[in-house]
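Protein chains: 2
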Amino acid sequence: MTPITPEESEPSPQLAPGATVPGTHPGDRYIRLVPAADLPLKPAGKNVYIAEPTQPEDSIGRAWYAIKRLLIGRPLSTAEAAHERLSKVKALAVFSSDALSSTAYATEEILRVLILAGMAAYAFVLPIGLAVVLLLAIVVISYRQTIRAYPRGGGTYIVTKDNLGAYPGLVAAAALLTDYVLTVAVSTSAGVAAVTSAFEQLRPLRVELAVVSITLLTIANLRGVRESGTIFALPTYAFIASMYALLAIGAAAWLGWGVTPHPVATHAPEPTHALTLFLVLRAFSSGSAALTGVEAVADGVPAFKPPEAQNARTTLAWMGLILGSLFFGITVLAYHFHLVPTEEETLVSQLARTLVDGSPFYYVVQAATAGILFLAANTAFADFPRLAYFLARDRFLPHQFRFQGDRLAFSAGIIVLGVVTSLLVIARGASVSALIPLYAVGVFLAFTLSQSSMVVHWWRLGEGRRPWASLAINAVGAATTAVVTLVIATTKFVHGAWIVILLIPLLVGVMLAINQHYRHVADQLRLSPVEIRRRRRPVPRTVAAVVPIASLNRASFRALEYARSIARDVTAVHVSTEPESDDVLLKRWQEAELDIPLVIVESPYRELIGPLVAIIEKLHLEKGCPYITVVIPEFVPAHWWERLLHTQTAWRLKRALAHVPDLAVTGVPYHLEE
Amino acid sequence: MTPITPEESEPSPQLAPGATVPGTHPGDRYIRLVPAADLPLKPAGKNVYIAEPTQPEDSIGRAWYAIKRLLIGRPLSTAEAAHERLSKVKALAVFSSDALSSTAYATEEILRVLILAGMAAYAFVLPIGLAVVLLLAIVVISYRQTIRAYPRGGGTYIVTKDNLGAYPGLVAAAALLTDYVLTVAVSTSAGVAAVTSAFEQLRPLRVELAVVSITLLTIANLRGVRESGTIFALPTYAFIASMYALLAIGAAAWLGWGVTPHPVATHAPEPTHALTLFLVLRAFSSGSAALTGVEAVADGVPAFKPPEAQNARTTLAWMGLILGSLFFGITVLAYHFHLVPTEEETLVSQLARTLVDGSPFYYVVQAATAGILFLAANTAFADFPRLAYFLARDRFLPHQFRFQGDRLAFSAGIIVLGVVTSLLVIARGASVSALIPLYAVGVFLAFTLSQSSMVVHWWRLGEGRRPWASLAINAVGAATTAVVTLVIATTKFVHGAWIVILLIPLLVGVMLAINQHYRHVADQLRLSPVEIRRRRRPVPRTVAAVVPIASLNRASFRALEYARSIARDVTAVHVSTEPESDDVLLKRWQEAELDIPLVIVESPYRELIGPLVAIIEKLHLEKGCPYITVVIPEFVPAHWWERLLHTQTAWRLKRALAHVPDLAVTGVPYHLEE
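These protein sequences, in sequence, are chains A and B. If you're matching positions, the first sequence starts at 1 in full-length UniProt numbering and goes up one per residue. If you're matching positions, the second sequence starts at 1 in full-length UniProt numbering and goes up one per residue.
Some clues are possibly wrong.
Copies of the same chain look alike in the list, so a pair counts if it fits in one copy or across any two.
[To be verified] Only pairs whose alpha carbons sit at most 30 angstroms apart, straight line, appear in this in silico DSSO-like list of lysine-lysine: (1) Lys-42 x Lys-623; (2) Lys-587 x Lys-88; (3) Lys-68 x Lys-305; (4) Lys-46 x Lys-68; (5) Lys-587 x Lys-305; (6) Lys-88 x Lys-305; (7) Lys-623 x Lys-46; (8) Lys-68 x Lys-587; (9) Lys-623 x Lys-654; (10) Lys-623 x Lys-305; (11) Lys-88 x Lys-68; (12) Lys-46 x Lys-654; (13) Lys-305 x Lys-42; (14) Lys-623 x Lys-68; (15) Lys-46 x Lys-88; (16) Lys-42 x Lys-68; (17) Lys-46 x Lys-587.
Just so you know, the hints here were simulated from the structure itself, not pulled from any lab data.
So here's chain A without its partners, still in its complex pose (with noise of 0.2 angstroms):
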C-alpha cells in the first residue's frame, strides 16, 4: 500500500497529556489522556513495548478484580513458570498418589459384587485380587517400555496419535478427559467416605462436603499449585506408611503375636444373585479401577532428574510394588476379618478398627487415607486442563482451553472439570460404588490404545532394528488389556459404563467437528501472497458513510463530523417512529445547513431497527460503492445503571449490522459528565 500523497496532509494540533482543546469538538474533553509514563507500557526497542499488570478502570470491573487477586493471588509472569527436577522419591509422591489411592476402596468394590451371592462367594476375592496384581505386572512392565520409547514424556494421546493416528489419538484422549472426571469424583467421593467413616455424625452432607472439596481444588489449581514434590511428599508418604503398619498389625494378629482384632459387627446380606462368571468378571472390574494412575509416571518423564528414563523405570517398578503389595495385603486381611462392605463405612476404616479401634492410629489411617484421596483428585486437576490444552492446540477443543490465566493455571480446563465433576457427584450423590461402574472403561481403553501404539512404534522402527522383546512385551500389555476393556465394559455395562461407551464416541465428534471449524475459518482467512500484492497500490478513499441520528444534538454532530472527515459522501438517516417530533428536526437541520441530505424513513409499526437495517442496505446499493460505513452516534454514560434509562439504541443496531456484509460500523462515543 501507497501511502497517501503528501499534499492531502494537514497540521493537526498537538496535544499534551491533560489538556483541554476548546472548541476542536462542542464538549470535547482531553482530560482523561494519561502521561505518557503512566501508561503501563515499557519501552523495549522500536516499535516493541513490555506491558505491565493492567486493572480495570470501572467500578465493577474493580470490585471483581479484587475478588480475583482474593482467591487466586498475584498475577504471575509466564516467565515465572517453574520447571522443578523431581528426585525419584519425590516423584514416587507426585506420580504415585493416584494409583495408590486407589487401594483405599477397590478391595471394597471386589467385595461389594461379590457379597451378592453371599458369604460362599467370599474366597473368590483372592483369585480376584490375585488377577489384579497379575494384570498390574503387566501394565507395569509395559509401560516401561514406553518410557524407553518415549523419553521426553508420552502422553497418551500425543503416543496414540504419533502411531496410530489422529482418530485412535482422538479415541485415547475422549477416553482419558471421561477418566480425569471420574477420578476425581470417585477420589473426592472415597476421600469424603474417609472423613465419614471416622464421623459418622457428617455422613448426611456428604455431596456438600465433596462439592465444598471439589470448589476448593478448583480455586487452588486456579491459583496454580504447583506439583510440587515436597507438597506431595508428606500426604504420599503417610499413607504408605500408615498402610504398611496396618498391614504390619493385622498380619500380627493373624499369627496371634500379641495384637487382639476386635472383630466388627457386620451382617452379611442375603444373597441376591447366583455365583456366576459374569458375577466374578464383574468383580474383577470393579477391582481393576487399582490400575487407574499407573500411566502418571510414563507421561511426566521430562520431570525427573537425569538420566530421566532411567530414573522413571525405576520409580514405576516401585510404584508397582507398592501398589501391588498394599491393594493384596488389605483384601487378604479383609478376607480374613470377614470384612463386609456396608453404606456407613469403608473397608480400610473396618479393617482399622477391627485391628487398633479406640487407638489414635485409627485416626491417622484415616486422616492419612483421605490426604492422598484428595491428592489423587488434584492429580486429575493438572492432567485434565494439560491434556485439554494439547486438544484445543491441535485445534480440536475451542481456543479457550489455550490460554493461561493469571497465575500460568489452564483456567477454562480447571473450570470445566470443576463444573463438571460437581454435577457428576450431586447426580450420584457422592457414592463411590455408584461411580465405579463409569469408572476404568475409560483407562483400559487408553492402556490398550497405548500400549497398541507401542507395538506400531517398535514394528516401524524397520526390518533388523526391531526390538523384539520389548515388542512381544508390549504386545502382551495390549492384548490383556484389551481382554480387561471389553470385560469392564461387558460386565460394567447396564451398571453405568454405557455412558461413558456412549460419551466418548461422542466427545470424539464433537472434537471433529470444532477441528473441521477451524481449519474451515482457517482456510477462509488464509491470505494469499497473489492477494497481497494485488493490494499493494493507493487505496480509494471510503466514499459513502451513513449516519443513522435520532435528532441533531452534539453527540449525532460529532457523529456527522467524523462521517464527513472520513467519507465523501455522507447520507444522514432518521428514522421516525412519532411522526410529531419530525418538524422540530427538520426544521433544526435546515438551519444548521450542514449541506448533508437527511433521509427520513417514516416507521407506521414504530419499529427502528429494521428499517434502519433496510435503509443502510438500500443506500449501499444506490452508492455503487464495494464498502459503506456506518457511522453511530454513541453516548456512554457516566455510571453503568444511568444506561438502564437509555434505550440502548447503538448497540441494538450493531447487533442487527452485523448480519449485513460490507459495512463498517463505527461507533464514535459521547462521554457524558457526572
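Assemble the complex: chain A is given as a structure, and chain B must be docked to it using the hints.
Chain B only, in chain A's frame:
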C-alpha cells in the same frame, strides 16, 4: 460543512444486486445484497420512505418473532389506533367496572374489622355504611366540578401538576401508580375468591389462579385489548342486574313476601378487641375502598360522545347512585341475615346462598361478580401504562415507557404492572383482607390532591370570575378526602399502609432522580447555533488509525485496507501472549511489505485487552490528533453457536474502549461462509 474538493473523488465500481465482484477485496461476496424492490421500504417523496414490518433474519430471532406473533398477533400501524366515542350507556360500563366491583368486597372488609369486637359491634356496620355513602356523594359531586373545568380529561397527575406544581403532581402520580398495582392485586384476588366460593375444591390453587389471571390479562393487554364499550357492557350490566335482583330477593325475604331464606351456618369468633373509636374508624377505612375507581369518569371525558362534559357528568351521577345503592343494600342485608365473614367464602356468596341456595342463579351471581372484578383489574392495565407514558414523556420515568409496541400498547408499562402485581399477589397469598390495608391510602391521597387542585384552579380564574359554588364544593371534597386519607393512614398503618406511605416518597425520589439525569444529559447534548456555525468549514481527513491484529489473515488485511482508506497514518499493533508465535507474524509482515508500522506489545502476564488499550492511548498521545480511529477486524461466524469457539476479543476490546475518550471504534466484519 463544505464538501470535499471534487478532484479527490474517483469512480467506484457500480454494484448490481446479487453481483459478485471478484478480487475487490479478498473473499468478498455481495450475494446478500437484496434487490431494491425487495427492501421493506416504500418511496414517499424525495428522501422520504415508509417502512414495512420487518422480520429478523437469524433463526433465534425468527423463532422469538413467531412466538410473539402467536401470543400478541400481527403488528398494528400507528394509524390503526382506534378512537371510539362512547355513548352514556357504554361509558358507564367502561368507566365504572373498577368502582362497582368494589361492592364485591367493601362490606365484607368492614365486617371483618368490626367482628374483632364481637357480635355486639355488629350494628355499627349501618352507620359506617352510611358514612361511606355520604363520602361517595361528596366525591362524586366534587368530580362533577372537575369535569366541568377539564372537559378534555382531568387525569389526577395532569390536574395536580397544572395547579399545585410538579412535586404534588409527582406525589399524586406515585400514589396512583401504587394504587393501580393494588387494584389489579385486590380485584384479581377477589375475583378468584368469588370463583373458589362457588367451587371449594379450587381453594388451594388460589395463588396460582390469581397469577394465571394476571398473566392472561398481561398478554391480552399486550395484544392491545381496546376499552371497547361492547366488550365491557355485558359483564358490567350483568353484574348490576344480578346484584339488584339479589337485593330485591333479599328485600322480599326480609318482608316475608314469599321468599324463605336459608340462613348460612356461621359462628361468630370470640371477640379479641374492645369496641373503640379507633376500631370503628379502621372499619370505615376498610369500607372506603368502595370509592376506588370513582375518578375514572373524570379522566376519560374525551372518550364520550359530544357534548362530552355534560354526558360525563350525567354518567358520573348514575355511577354514584348505582354504586351507593348496591353497596348500602348489600350492607343492610348482611346485617339483617347476620352474615359473618370467613376465610373460605365471600360475603356476597354467603348472601346469595342464604337467598337462592341450590338455584342456578347463585352461579350467575358468582360468575357476574368474578367477571366485573377481572374487568376492574383490566382497567388498571389500561391506566397504569398510560400514566407511565405521561410520566416518561415528562422525563420522570425511563424512555422505555413511551414506546408503543407492535400492537400500539405501552408494552413496558403492561409488563412491569404484570410482574409487580404477580409478586405482590404471591407475597400476600392472594388474600383480599391481607391486601386491603395497603389499598385506598393512595386513592384518597390522589383524591385530596385532585380536589385541592380544583380549589386552586377556580381561585386562579381571578377576582370577580370565581365560581364560588364550585370552589366551595371542591373545598369540601378536598377537606373531607384529606381527613379520610389521614384516618386511613392512621388506622391501617401497622396493618400494611406503612408500606405505601414509605413507597410513595421513595417513588417520587426515584422519579426526580431520573428527571435530573435526563435533564443533565439533554444539557450536555444541546447544540448551540454558535457551535454549528463554527463547524461549517472543511473537515480535515481523519489523521490516525490503529489496527489491532492477532495474525495476518484476510480479516485483518481487510481491516488494514479499510484503515488506509480513511486515515493517513495507520499503525498496526499486536499484543504477544505466546512469544513463540511472534516470529511467524513478523516474517509474514515483512514479506507482505505493507508499508505500515507494526508495534509489538509483549504481555508477560498474558493480558490482551489491558495492553491493547494502553498502546492505543499511547499512540493517540504520540500522534497528537484530536481523534484516533481504532479499526477492529472481526469475523462473524455463520452460526451463533460457532461464536463459542472464538474468544470474542473484538467484543471485549470494544467494551474496554467504551471508557476511553475521543476514539472512534470501527468494526470491519469478515463474514465466514457456512
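Intra- versus inter-subunit Cα pairing at 30 angstroms for Lys-46 with Lys-88: Classified as neither; 47 angstroms inside a copy, 86 angstroms across copies.
Copy assignment of Lys-88 with Lys-68, given that the CA separation must stay at most 30 angstroms: neither (36 angstroms within a copy, 68 angstroms between copies)
Copy assignment of Lys-42 with Lys-623, given that the CA separation must stay at most 30 angstroms: Intra 46 angstroms, inter 18 angstroms, cutoff 30 angstroms: inter-copy only.
Intra- versus inter-subunit Cα pairing at 30 angstroms for Lys-42 with Lys-68: Only inside one copy: Lys-42 and Lys-68 sit 25 angstroms apart there, 55 angstroms across copies, limit 30 angstroms.
Intra/inter-copy verdict for Lys-68 and Lys-587 if alpha-carbon distance must be at most 30 angstroms: Neither: 54 angstroms inside a chain and 38 angstroms across chains, both beyond 30 angstroms.
Homomeric proximity label, Lys-587 with Lys-88: Cα distance no greater than 30 angstroms: The answer is neither: 86 angstroms in one copy and 44 angstroms across copies each exceed 30 angstroms.
Alpha-carbon proximity context of Lys-305 and Lys-42, limit 30 angstroms: neither (37 angstroms within a copy, 79 angstroms between copies)
Identical-chain pair category, Lys-46 with Lys-654, by Cα at 30 angstroms: The answer is between: 27 angstroms across copies meets 30 angstroms, while 37 angstroms in one copy does not.
Alpha-carbon proximity context of Lys-88 and Lys-305, limit 30 angstroms: Answer is within: at 8 angstroms inside a copy they meet the 30 angstroms cutoff, but 100 angstroms across does not.
Identical-chain pair category, Lys-46 with Lys-68, by Cα at 30 angstroms: neither (35 angstroms within a copy, 58 angstroms between copies)
Within, between, both or neither: Lys-623, Lys-46 at alpha-carbon 30 angstroms: Classified as between; 16 angstroms across copies, 42 angstroms inside a copy.
Up to 30 angstroms CA-CA - Lys-654 versus Lys-623, copy category: both (21 angstroms within a copy, 28 angstroms between copies)
Against the hints set out earlier in the document, violations occur for numbers 2, 3, 4, 5, 8, 10, 11, 13, 14, 15.
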